[in-house]
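A.B. asks: Chains as they are written, first to last, in the numbering used here: chain A, 79 to 299; chain B, 156 to 471; chain C, 2 to 483.
It is worth saying that the hints were derived from the structure and are not from the lab.
The structure presented is a predicted model; accordingly, all values stated were derived computationally and were not measured.
Each hint should be verified, as a subset may be incorrect.
As the list claims (entries may be wrong) - Here are the simulated SDA-like pairs of lysine to any residue, each with C-alpha atoms no more than 20 Å apart in a straight line:
1) C:98 / A:158
2) C:184 / C:272
3) A:227 / C:151
4) C:447 / C:403
Unchecked claim - Where chain A lies over chain B, by a calculated footprint (3+ residues, C-beta under 8 Å):
5) 332-340
6) 443-455
All C-beta atoms in this analysis are idealised placements derived from N, C-alpha and C, irrespective of residue type, glycine included.
What follows is the residue order along each chain.
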Amino acid sequence: MNLQLLAQINSFLAALVLLTAFAMLSQRKINSLVTLFAWQGLFLSINTAVVGFVAAKHHLYISSLLTLSIKVILLPYILHVLIVRLKIRKEMETIMNIPTTMLIGIALVIFSYHLTAPVREMSTLITRSTLAVALATVMIGLLMMITRKHAVTQIIGFLAMENGLFFAATSATYGMPLVVELGVALDVLIAAFIFGIFFFHISTTFDSLSVEQMESLREDN
Amino acid sequence: MTKPLHLILIEILQVVIVIAAAPAFLGWVDMLKCWLQGRTSAGIMQPYRNIAKLFVKDVVLADNASWIFRITPYLVFGTAVVVGSVIPIISTNLFLAPSADIIVVIAIFATARFFMALAGMDIGTAFGGMGASREMMIASLTEPAILMAIFTVSLAGRSTSLLHIVQSFSNGALVLRPSIVFAGIAFVLVVIAEAGRVPVDNPSTHLELTMVHEAMILEYSGRHLALIEWGSMIRFFLFVTLGIACFLPWGIASTDDAGSIAASVFFMVIKAAVIGVVVVLIETGLAKMRLFRLTEFLGAAFLLSTLGVIAFFILE
Amino acid sequence: MILLVLIITPFVAAMILAFIGDRKVAPVINIFSSFLTFLAGIALAVEVFRHGQFVAGGKFFFVDAFNVYLSVLTAFVSMTTAVFSRRYMQREKDHGKVGHTRMRFYHAMFQMFIFAMLLCLLTNNIGVLWIAMELATLSTVLLVSLYRTPNAIEAAWKYFILCGVGIAQALFGTVLLYFAAEKVIGEGGEALLWTNLIEVSGSLEPTVLSLAFVFLVVGYGTKVGLVPLHNWLPDAHSEGPTPISAVLSGLLLNIALYALVRCKVLVDGSTHTHYAGNIMMGFGIISILVASFSILRQKDIKRMFSYSSIEHMGIATFAFGLGGSIATFGALLHMLMHSITKSSIFFTVGHVCQMNQTQEISRIKGLFKGDPFTGWSLMLGAMAIAGMPPFGIFTSEFLILTATIKDVPLLTPLILIGLAVAFAGLLRKVQYMVSGDIPSYFKQLKTARTPVILHMALVLALAFYMPAFLYKWFQAAVELLK
């Protein structure tokens, strides 16, 4: 395969990652959100493998497999089990209406593009242009956490941010050293364990997983 | 370019094809839909029969109908024919194509829509005004989206001229462009809205709560209605061919000999047939949306087309 | 070798404690392993004192004057906290606030937290630094929600989400840092090693590092509790068990600041401007002002002291940002003093809350009469933390103010206002709590006095006499951070 085609595949996958980020931002149904998250992980995993092939970095294959197993299979599965167990079936409430969120999302993409300009200019890697997408994914994950009032959506936003960070590492530097990648994956796993416990705590204490009820700790109380 | 007679012939051929094939395309779509829903279809020729029937009927005009009401059917039909003469459908060597670029095409469509809305309000019935206001609401949402999609294509083709876009795409090597994919999906969504298909509008009902396009033309009859219906069919067909020209331009003839023109027509028929299948699949897969959910549907189209522009700058 | 003992002990202890569960020996093991960690820390410090900085474990670990002093501090405070928590948690258990499973969890996670902090301090790899920082957050999240009250869960959730978001920004900054380093050092793990980075910091690309620092300051700044990224801090401190508040406030904030300062040194080396310092000074000033005014409005005793932590972290951040030998020296001293004083205050506050069975300031009264030891230790602790002479914080604040007057005189009034407001706010509220009559619900309890006395004595002693070795450490650290 020639390099140019691989570069195109790479940027195409980046576009798909961005698209899934936006789709998650616009999604109301929680099950679809989990599915979209799994898709994002899948695109990311394929992308990592492609980059690993292009750059002949074998440790990226490990990262790719790790992403596949954790973010595509394990985490969506855990989330799904939690959703079934905790009987979360409702549509999500959003703080802002969705078109406004989308516009903010677009603004964030442009912002990321400008922010990463110095890096793009200095880099010689074929993946350099996808760094902006990676940062945008991080920002959109953040936006999702802010605009949703549900614990599960907040967690998915958090995990989407993690996806973006992983993507950033792949596109800026062909991946962090393996020890760091493994450590980050471990942290994500522990985080998954913790939010799983948390969902149970929140739903037993508050009767639902909406974060809206958690507003007693304020400065004016 | 040295044989203007050739070019004029091709041009005339294209216009004739557009006018003649548009009802057939709609008939194809309706037929597929019937099949998918397990009904017996009226056949691909049914739109022709409808138009013929309307032409022999008398025109009934409301007392207070103004010149706008009377002129609009001709305008709708006329603009559709004009657009049909500038989009490269069967050949890129079109006589009239250099006279208008892609933005003009959109503007001409918008003009026709504007007169439709005026005509809808002209008589002063409740349904006409309601349809017009809904139509304009949809228009205000589709037009930014379609322009963004077209900007993406123009950026990638380095020109707003349709001829250049078609040439640069069909001659260049196959490049995987995320921007074009985004713009293409956005374009499909917009075309569904523009052509008044499900889930934006349902062309086959006159249900007062949901109809948009039908509400506007409720007062028309006879040949006026025939022209408007025909114009709408051409418009739908033209949007499809515009999509073909922008996103699937392979096969459009760039030489003048009869063989390549014939091949080009053949490809056009195949592509239009396939697009018809896609449209039907979308239509049967989705339910008609509430009017206020449309902002989200078209917002998604706008988002996709904007992402297309952004992806062009970021990734290409 | 010593280093390995220092790192491994808490980890092994965490495993053991998770295994044996809530037995009588669990707190003892907790204390014992903390003590062992402390001894190892001392031994390591002696080694650094004798031979200077070194790398170990295939460049994986790196010890210099800066992190060894924080390691000893971490080991010390966690040891005293373990002593304090034995009786405290026993009483919470008796009150039925926590069960067996949660006690097992508490002990294991406490040691895990110490392990994460020590790893954070001693690792040479800034990627691992990030991972350890995240681990420190994760290990404490469920400790904050230990009581499972709605408020505790809310606080822990906020802590989890906000710190998660913050720390994610820091990872992005680390990626950018790696990107810049890779150009100079070459690919692979070598490019993330602090010892390599500091050598080539002059040739790292300044624009990328400036960008990276923005993300790093947001990320680690969230964990330091810098305003406006501080929202999680008062909640997490006030709703968690008191020993956890003590270590969060006394240690975790220090560790985060440590990470930030490490990054700042790199960025300074690359940009040759005062860019990073200015950002830190800005965050510092805002934190001082906002936190000190917030103290005035607090109704919950633990929240009040956690705002005081934000204020002091603001002072230290400001001083590190200011740079120069006096300010840096002051900042190092301030981190030490604040950590010791604040953890001692939280011990006392824990006692106070248990005696009054409330955290509300308005319901706490008459401590002087009810339990003179606790009353006085609260009063003295508040005086110390407010910066009254002769306590150690006065010394460090004095140093920092001197440097401010010399370098940026215009900012001095702002800091002074912050300090004065915090002083007034703290002492007024503490005054109210210690004086007056004993309320009816007051119940005198046996308190763990040793940690409190030890801490207060240290704070007092260090103000009058700074041992030569400490002075030398600080000087060496100041040199490193120049």
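A.B. asks: Confirm or reject each hint.
C.D. replies: Do the hints match the structure? See the list:
A distance of roughly 32 Å separates the Cα atoms of residue 98 of chain C and residue 158 of chain A; the hinted pair therefore is violated under the 20 Å criterion. With a CA separation close to 16 Å, the supplied pair residue 184 of chain C and residue 272 of chain C stays within the 20 Å bound. Taking the CA atoms of residue 227 of chain A and residue 151 of chain C, the gap is near 17 Å; set against the 20 Å cutoff, the hint holds. Taking the CA atoms of residue 447 of chain C and residue 403 of chain C, the gap is about 43 Å. The hint is violated against a cut of 20 Å.
Here's how the stretch 332-340 of chain B fares: 5 of its residues keep a CB closer than 8 Å to some CB of chain A, so the rule of at least three is met and the hint holds. Coverage of the stretch 443-455 of chain B by chain A holds in this model, with 4 residues showing a Cβ closer than 8 Å to a Cβ of that chain against a need of three.
Taken one by one, the earlier hints fail for this structure at numbers 1, 4, listed in ascending order.
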